[in-house]
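*Asks:* Next come the chains, spelled out residue by residue.
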Amino acid sequence: MSDSSPVIAADGRPLKASLNRALRRQKIRALLLIAPLLLFVLVTFIAPIADMLFRSVENDIVSNTLPRTVVALDDWDAGSGETPDEMIFAALAADLAEAVAAKRHTQLGTRLNYELSGMSSLFRKTGRQVKKLDMDAPFREQFLEIEEDWADPEIWITIKANSSKYTAGYFLNAVDLQNGPDGIEARPENQRIYVKLFGRTIFLSISITLSCFLLGYPIAFLLANLKARTSNILMILVLLPFWTSLLVRTSAWKVLLQQQGVINDVLVWIGLVADDNRLELINNQTGTIIAMTHILLPFMILPLYSVMKTIPITYVRAAKSLGATNWTTFWRVYFPQSVPGIGAGSILVFILAIGYYITPALVGGTSGTFISNRIAYHISSSLNWGLGAALGAILLALVLVLYGLYDKIVGIDNVKLG
Amino acid sequence: MSKLPPYTTTGQRAWHYTFLSICALIFFFLIFPILIIIPLSFNAQNFFTFTPEMLALDPAGFSTKHYADFFNSSDWQNALKNSFRIAPVATVISVTFGTLAAIGLSQSHVPFKGLIMAVLISPMIVPLIISAAGMYFFYSRIGLQGTYIGVVLAHAVLGIPFVIITVTATLIGFDKSLTRASASMGAGPVRTFFKIQMPLILPGVISGGLFAFITSFDEVVVVLFVGSAGQKTLPWQMFIGMREQISPTILAVATLMVAISIVLLTTLELLRRRSERLRGMSPG
Numbered sequence: 001m002s003d004s005s006p007v008i009a010a011d012g013r014p015l016k017a018s019l020n021r022a023l024r025r026q027k028i029r030a031l032l033l034i035a036p037l038l039l040f041v042l043v044t045f046i047a048p049i050a051d052m053l054f055r056s057v058e059n060d061i062v063s064n065t066l067p068r069t070v071v072a073l074d075d076w077d078a079g080s081g082e083t084p085d086e087m088i089f090a091a092l093a094a095d096l097a098e099a100v101a102a103k104r105h106t107q108l109g110t111r112l113n114y115e116l117s118g119m120s121s122l123f124r125k126t127g128r129q130v131k132k133l134d135m136d137a138p139f140r141e142q143f144l145e146i147e148e149d150w151a152d153p154e155i156w157i158t159i160k161a162n163s164s165k166y167t168a169g170y171f172l173n174a175v176d177l178q179n180g181p182d183g184i185e186a187r188p189e190n191q192r193i194y195v196k197l198f199g200r201t202i203f204l205s206i207s208i209t210l211s212c213f214l215l216g217y218p219i220a221f222l223l224a225n226l227k228a229r230t231s232n233i234l235m236i237l238v239l240l241p242f243w244t245s246l247l248v249r250t251s252a253w254k255v256l257l258q259q260q261g262v263i264n265d266v267l268v269w270i271g272l273v274a275d276d277n278r279l280e281l282i283n284n285q286t287g288t289i290i291a292m293t294h295i296l297l298p299f300m301i302l303p304l305y306s307v308m309k310t311i312p313i314t315y316v317r318a319a320k321s322l323g324a325t326n327w328t329t330f331w332r333v334y335f336p337q338s339v340p341g342i343g344a345g346s347i348l349v350f351i352l353a354i355g356y357y358i359t360p361a362l363v364g365g366t367s368g369t370f371i372s373n374r375i376a377y378h379i380s381s382s383l384n385w386g387l388g389a390a391l392g393a394i395l396l397a398l399v400l401v402l403y404g405l406y407d408k409i410v411g412i413d414n415v416k417l418g
Numbered sequence: 001m002s003k004l005p006p007y008t009t010t011g012q013r014a015w016h017y018t019f020l021s022i023c024a025l026i027f028f029f030l031i032f033p034i035l036i037i038i039p040l041s042f043n044a045q046n047f048f049t050f051t052p053e054m055l056a057l058d059p060a061g062f063s064t065k066h067y068a069d070f071f072n073s074s075d076w077q078n079a080l081k082n083s084f085r086i087a088p089v090a091t092v093i094s095v096t097f098g099t100l101a102a103i104g105l106s107q108s109h110v111p112f113k114g115l116i117m118a119v120l121i122s123p124m125i126v127p128l129i130i131s132a133a134g135m136y137f138f139y140s141r142i143g144l145q146g147t148y149i150g151v152v153l154a155h156a157v158l159g160i161p162f163v164i165i166t167v168t169a170t171l172i173g174f175d176k177s178l179t180r181a182s183a184s185m186g187a188g189p190v191r192t193f194f195k196i197q198m199p200l201i202l203p204g205v206i207s208g209g210l211f212a213f214i215t216s217f218d219e220v221v222v223v224l225f226v227g228s229a230g231q232k233t234l235p236w237q238m239f240i241g242m243r244e245q246i247s248p249t250i251l252a253v254a255t256l257m258v259a260i261s262i263v264l265l266t267t268l269e270l271l272r273r274r275s276e277r278l279r280g281m282s283p284g
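Taken in order, these protein sequences are the chains called A and B.
According to the working numbering, the first sequence is numbered sequentially starting from 1.
According to the working numbering, the second sequence is numbered sequentially starting from 1.
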C-alpha cells in the first residue's frame, strides 16, 4: 500500500506533515515560555556554581606573576637538590620587579604560603628589596643576601609544582593530602582536619536524620489516622514551626538551652540537676542536634504523612481479621508500605542537614560545627578561596548524589510543599 | 484511632494512651520553643528566663521595653526597611518568570523536560553556603557583589523552585479544554491567559509567591556573602545580634516575625482550600 496517496489535511498538506508541524510549534512555544527563566537561572545561579568549581582548580597566579621564571624552571631538575642557576635568578628578578610595580607579589606569597609556610614573608621581604638590586651584578648572590632561604631547593620545588595553570592541590588539601616530592602523600598529623570534619558533618547529619525519624514517625502516623478535622488542627502545630523563620527558631533554642536558660532552670527547680552543676546544652554537639532536629522535623513529617495517607486502612483490617496481633499488623503490613515515605523524608532531612550553616554557627560552639562553617571561614576570613571552593565542590558532589537518589525514589516532579 | 473498640484489652488500652502521650510530648517539642519566646519578650529585665515577678504574674515584671528598643534603634529599623525593599522585588521576579515557565512545563510535549526541571529546582537542593560562595565569586567578577541588585537577583533565583513547584501542582488540575473553548470563541492567547487561565491558577501563583517572599525574607547566608552593609536585612541583623552580644531585643523581633508567619500560614491555608474548591475537591 506504499504507493497509495497520503491522507490530506484541510489545507492540502499531507496530514502527517501537518501534525508534525503542529507538534513542533507546540514544542517551540513551550520552550519559549521556559526560556526566560532558564536563562535567568543559568546566569544568576548555574554560572556562579560553575565559577566556584572552576576556582577550586584554578591556579594561574604563579604562571601569571612569574612568567619568565616558570619558563626558566622548565629545565631545572627538581630532584637534583641543588639551588637553581644564575639564569633562573635573573628571570626571577625581572618578574619580581614587574610584580612589585603592580603590587602583586604579596598575593603570590599568600597563595604559595598555603603550600609551604614561610613563602608569604619571603616574598614580602624580597619585594621590599627588589628595587635596590644591582642589574649588572650576579642576581643569585644578591637574592641570597636578601634572604638566604632562596638557596633552599624546597622553595623552588614549590614554585615549580604550582606553575601549571590548574592544580589538584586544593582538592588534595581538602582531603588532608598534599603533593610531596615523591607524589601524593598525607599531610602532617597536626594539619589533618578536613576528613575529620567531613566525618563529623556526616555523623551529626545522620544523628539528626535519625532523631527526626524517631520523632516524626509517630506524629505522621497519628495525623494520617485521625479524623480529617482533628488532624487539620494538629497539622498547624507542624506547619507553624515550618513557616517560622529559621533565625527565630535558632534564637529560641539559644535562649532555652543556655546555662541560665529556661530548660536548666526547670531542671534545677524539679531537682533533677544541682544548681552548681547545670547542663551544658549549647555550644557543643548536643546543641546542634537538638536545634536542628527541631528545625528539620517538619521536613520529615510532611513526606511521611503524605505517603501514610495513601495506605489503605483495609489492609490493616484484613491483617487483623486474619489473626495478626497489633504489632504484627504494624510491622508486617503497615510499616513496609510506609518505607517510601521514610526514604523520602530521610534523604530530604539529610540533604538539608549536611549543608547547614547558620544553626551550627550559632549553637554549635567549636565541636558542633559543620563543613559549611569551614567553607564560610575560608571565603570570608582566611581568604583561601581555592580551598573553600574545593571543600564546597566535594560537599556539592555529595548532595547531588543524594539528590539523584531522592529523584529515583520520589521524583523531582512530585516534591510537595506544605 | 480516636475511639477504642469495646474488645480492646487492658494492655492495648495502656499502649494506646502511652502512644498518645508520646505524640503530645513531640507536639510540645515542636511548638514550645516558638511559643515560649512570646512571654519572654515582655521581660522587664534583660534576662532570658522567667523572673520571679513574671512567674507571680506581677505586672511590674512585664514591660514592652524590648519592643521600644526595636522601634527606636536605627540599626533594626534600617534592617527592617532593607528586608522590605528586597523581598517584594525578588518575589515579583520569581513569580513572573516562574509562572511563565511553569505554564511552559505543563504543556504536553516539552523537550528535555527532566533536565530543565532539574536545573530549575537546583537552587533549592544546593546547600545555601555553596550557592552563597559561588555567587560571591561570580557576582564580584561582574560587579554585582555588595549591590542591591545583586541581592535581589540572588534572592529571586532562590525563590524560583518554590514558585515552579506550587504553580505546576495547580496546573495539573487545570482543564485544558477551557483554553481551547476560549480560543474557539476568538480570544487570543494573551486574553485567554489573563481572562481564563490566570484566575483559575491564581491561588497556586499566590502561594508560590508567599513561599518566594518568605524565602527572601528569612534568608541570611546568601545575603551575608552577596550583600554589603547597605543591604543588611532583618535576619542578618539577628544573626549579628546572636553572634555578638545577645540582647533581649532579639526576642521582641522574633515575636514579631512569628506573628508574620502566622499571617502567612493562615493566608496559605485559605488559598489551599479555595484552590481545592475550584478544582471540585471538597476541603478535607
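Check each hint, because a few of them may be wrong.
To be verified - As a list, the in silico DSS-like pairs of lysine-lysine whose alpha-carbon atoms are at most 25 Å apart:
hint	chain 1	residue 1	chain 2	residue 2
1	A	Lys309	A	Lys227
2	A	Lys196	A	Lys160
3	A	Lys27	B	Lys176
4	A	Lys408	B	Lys195
5	B	Lys81	B	Lys65
6	A	Lys320	A	Lys227
7	B	Lys176	B	Lys195
8	A	Lys131	A	Lys103
9	A	Lys16	A	Lys103
10	A	Lys27	B	Lys81
11	A	Lys27	A	Lys103
12	A	Lys309	A	Lys408
13	B	Lys176	B	Lys113
14	B	Lys195	A	Lys27
15	A	Lys16	B	Lys65
Worth flagging that the hints you see were computed from the coordinates, not collected in a lab.
Being a predicted model, the structure only gives us computed values, none of them experimental.
*Asks:* Going back to the hint list, which numbers does this structure go against?
*Replies:* 2, 4, 9, 10, 11, 15
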